[in-house]
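Residue numbers (our numbering), protein chains in the order written: chain G, 9 to 699; chain B, 95 to 436.
These are calculated hints, taken from the structure and not from any lab test. A portion of the hints provided could be inaccurate.
Stated by the list, open to error - Restraint ranges, calculated between C-beta atoms of paired labels, are given here:
no.	chain 1	residue 1	chain 2	residue 2	range
1	B	K254	G	G264	18 to 24 Å
2	B	D408	G	N355	30 to 36 Å
3	G	L608	B	D120	47 to 53 Å
4	B	E252	G	F462	38 to 44 Å
All C-beta atoms in this analysis are idealised placements derived from N, C-alpha and C, irrespective of residue type, glycine included.
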Amino acid sequence: MDSDYAPAAFLLVQGEKLWLSPVLILLAFPITLIGLRKSDPLFARGLILVGGIGFFWLFAQGFAIGIRGYNFSWLESLLGDLGDRQFGMGYGAMLCAISFLFMFTQGIAARGTVGGDVFVAGAIGGVIVIVLVFVGYPIANMLFSAFIDDGGEYSIGVFFTKFFDDRLWGLACLSDGRCGAAWNSLFLAIIVGFTTTMLGLAFALVATRSRFRYQRSLRALTVLPIITPPFVIGLALILLFGRSGSVTVFIADLFGVQPTRWLYGLPGIMIAQTLAYTPIAFLVLIGVVEGVSPAMEEAAQTLRANSSQTFQTVSLPLMRPGIANAFLLGFIESMADFGNPLVLGGNFDVLSTEIFFAIVGAQYDQGRAAVLAIVLLCFTLSAFYAQRAWLGKKSYTTVTGKGDAGMHPHLPRGLSIVVITIAVIWALFTLVVYSMIVYGSVVELWGVNNTLTFKHYITAFSVRIEDSGIRWSGAAWDSFWTTITIAGIAAPLTAAVGIVTAYLLTRKNFAGKQAFEFGTMLSFAIPGTVIGVSYILAFNVPPIEITGTGVILVVSFIFRNMPVGVRAGIASMTQLDKSLDEASLTLGANSWHTFRKVILPLLKPAILAALIYSFVRAMTAISAVIFLVSAEYDMATSYIIGRVENNDYGLAIAYSTTLIFVMLTVVGMLQLLVGRVQIGRRTLQGTEVRV
Amino acid sequence: MLKRLFIVFASSLIALGASINASQADKLTLYCSAQEEWCQLLARSFEDATGIDVNMTRKSSGETFAQIRAESSNPKGDIWWGGTGDPHLQAAEEGLTMEYLSPMRDQLHDWAISQAESSGNRTIGIYSGALGYGYNSDIVEANNLPVPACWKDLLKPEYKGHVQMANPNSSGTAYTTLASMVQIFGEDEGFEFMKGLHKNINQYTKSGSAPIKAAGRGENTIGIVFMHDAVQQAVSGFPIVVVAPCEGTGYEIGSMSIIDGSRNLDEAKMFYDWALSTDAQNLALQVNAFQVPSNRSSETSPSAPDMSQIQLIDYDFRKYGSSAERKRLLQKWDEEVSVLPQ
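Same shape as in the complex, but just chain B:
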């Protein structure tokens, strides 16, 4: 017995207090908030271009934001690419991401730069997409529903149980919808619109693009989403028609930020510059991502919604991207809209 005891003590003495946590050279941890293929392609192409190993995790922008915040005292990620701009702005506001001035900036569209400026250069635009909706033409036809063209059309009683949007609490897309309505119609009328819409909504989904995917599969009729998501479903072969609402519409700026406290800062900066180049942005076309790229020389798809034909509102990213305004609007939506009977 004592002999055994002794062995245990002796071995524990030898092994006292070691930790295996060696850092390795030339790798990058990428948090990616776009669709899986795009993220994969991006990570692999960067590896091919630079020889740097990329660890990529794909999560929605809300989840990634939560993770970065939870990890803030000891960050694990290096760079966060993609996803709607608001959580990037919030992260910038909370100091979770770091300032960086890329040499690529002079090649970018103005909206990409203004996104950077409104965050103190902690984030930058990589693509943009306009809000709209899509409908399943088979179901509309089969049910003899009118064809919608404007936001207000969605309030028609014929559409009861036919409209789907994401829950603004969980989805950046849906929050953009809410903020756009407030900006298009004014706050009071905007909320009246949301209340009217609520009557027709069959489900508030978790993910921003889920409504149009459900519409594609025939589980839903009209989905309020970013138009590039709707185009993607149409291109994939689903009977989806994309609508740019007549009253004008809001838009998102997909963004990229370097996480403050990054353990591989040099690699993160390399990725940042590379992601703003035409080489990286042209990859979008290979994976049916129909957003408008931020580099002026990047190619755009013929299937992509033509941004010059869409009536875009002057979306106030600084105001509606701030935590305080966001919290206020969401709370108001929760209290005044989501509790109403349908």
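Chain G on its own, in the form it takes in the complex:
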């Protein structure tokens, strides 16, 4: 058997790789505890000790011994040359790590921490470990490089030189030059956060609280941008408003002015991002707007408040967590967005693309990329804290389980007209953009030869029936199947991790909860380009060697998208009264049962949102993916970007259109699978969460 890849147990029997033997011994050790009762202090202490040491040893040996023997020179001088080597860990090691971890948490629970609850202890331990391994470790690895100078030595000076660079903080745009990327990003993110939240709120209100007749079609429209690869919106905008875009040329002819490149830069990115992220704000806000208990509003009206007073003093304040979340998401998404600035940025430099250039450019300045990432992180974290401070400690609980009855009142008349107008205009705009996308996929050569043709679809998705079966001969099939598979694996995992984390954050108190929350939100605040490169650096070498596989893509998606699951879960869970849990616990159920039988069913909207969002993001993500795809696992988006770079808009847009329809189908099927949401009587009135 090949000693580089054989299971450790076999190797140990043959007397090889003896540094793995403690793992085996420790794994077997708990057998001696089997006779003990759970309340026995020895049971708890034994498990904690075995789990802790085993886990530590597993990782310590992994880091210490690599493909060239010892990884650290001091180990070599201490212990002499090893004369052996080991490659990355496999599934067996993963199972071992899980075993040790749960021994440890079981021990902790047996000691009576977190109410002696095995499920809660295990869940906390599990989330902490995976976040540390797949977010903390690669990012720390990457950030350290901010302090490494050209010679490979650590130096604070290097960091400050790069940090106070004029290209970052320059304010020349106040006169006639260009501003630094940091200011550009900040300015853009604030505008986009604000516009997406306002539009999202308008939509949520129209969809749930107005007499508008086409609510359903409005809801369907809002979902379109979210299932579109972001740069496709950019392309459509170019086809409409670019220097030679249809609208630009039409207006230029009409008024006899010169067409300009006004789209490239801040205006273009802003429009594209607003189109792309309004649905996210909508998805966050609709849950909250629906979750506000009609009982409170009815109470206000019974006390003779008119509809606008009710809205201002009761409904709106209760929506605050949603509004803050929506702003935060829009802000961070805009900061981290990569596709739109890449296509539409012109000379408007933003942090995310600057990071990309620092890494892929000929300069290959990892340190600069890391410094830029730190700046970006500071912005997003400030947003995170501002949001928390604003929400304060008020209670937003409205779904109490105590006679939740009643109907949402309609919006005040004036407001209703305003939001419907906004929603309709925006919907029409979206419609135009999307018809452009479809139209662009069926013309020969955009702008030059507008003959209708299906040739782009045929190039991408042709299928031949041969004797040996179906042959997928189109150019796009490989990347298409890979994308579907990877997204399909990542989505449920993402939703699961996100919802469990949200449950722990809202329902359980434990030491270090703040740090826990911070850690789980961190990966969202870090732009994909940085995640991509840090993953390549951290996971290309043992002990965790997963670059070039599909696993690294799945992992990157889980941790990129997990915060959305967490956010959705938190937003919904803060509205579920704790007395529901307490009732369940009082009736003798444990945490796991309560979570499964009480919380989960009430969280269906959040779960659905998390599932849909993570699936869709996995199919449309580009920034991290562009670094992580390999020859075997090429993703649809990186393939499409390749086509765009090649000026082959036809094929790129045809492929994107196909992706859009595929995602629509999947979203529809998921909806059927997870089922409809029924909270209270008002679902009977046809306001179930439709996405």
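Please build the complex by placing chain B on the supplied structure of chain G, with the hints as guidance.
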């Protein structure tokens, strides 16, 4: 509870420490830095010719270089084909690629061999292309702009907001432009030229050929690119006119290197030899790639720019391909040119 515990421990004992990572025979991982169709065609044709499975990833030469560097302690790729020569030279300089003397060398043009020699035989020329620019004749006409013919013409104030080139930090093409200007005009005057050009530039793009593609679609007027890219747009039906600047111009040598530590070295060498043959190089014509192939007997397209008619400078690949000089020029460009108001 204990029973369940026991099951978990027992099963984890059985599965302890396995890794699925078996190596397979007869496959090749190709990093390709030319356009998608060309890469695809090349990979499939090699499969047909040899029966070796090819895993191909297409990325720009800068991205590929970054990836190879990031993977250097545990290389995943076998061979890197295509893309401008500088990153190949840099990779050679850093020892990321390995020395190989192909039996095909005596069939190649001199420039292909000199590329190999300047890298210690770690890379070799597979095609070459001259730098130039192209303009959208419709827009030039509609705006009554003068027709450009030289590099210095691009400095005319009429072209303000009409010229596009890639960012030299991210694109090999644009770096070649910068290095060529320094070699044509001398360093000081070359940088003065770049500063003047900066005033007319409407955008520094990421990808080297993006400026001419934007010009083709009418999003831009003049794009500074390799001439074969401009020809390709013209052949695709876009209203592009290709210009070989009167002062003379620099050129690139598209290169190929075997990645050091390749896991499929024999297959990589087979690919290397095959890629230098006329069979492989004639494939370029099928995908509208108008570079000049390095094998002397390979066919050239009638649409390709005639290299003998273009005034080529004596481009110093060794000097301007080195990391130190590159870093110095880019930093100077960043500090003196890119920050200027436009």
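Hints, verified against the model:
no., hint, in the structure
1, K254(B) <-> G264(G): 18 to 24 Å, "21 Å, holds"
2, D408(B) <-> N355(G): 30 to 36 Å, "34 Å, holds"
3, L608(G) <-> D120(B): 47 to 53 Å, "49 Å, holds"
4, E252(B) <-> F462(G): 38 to 44 Å, "43 Å, holds"
Of the hints listed earlier, there is not a single one the structure fails to meet.
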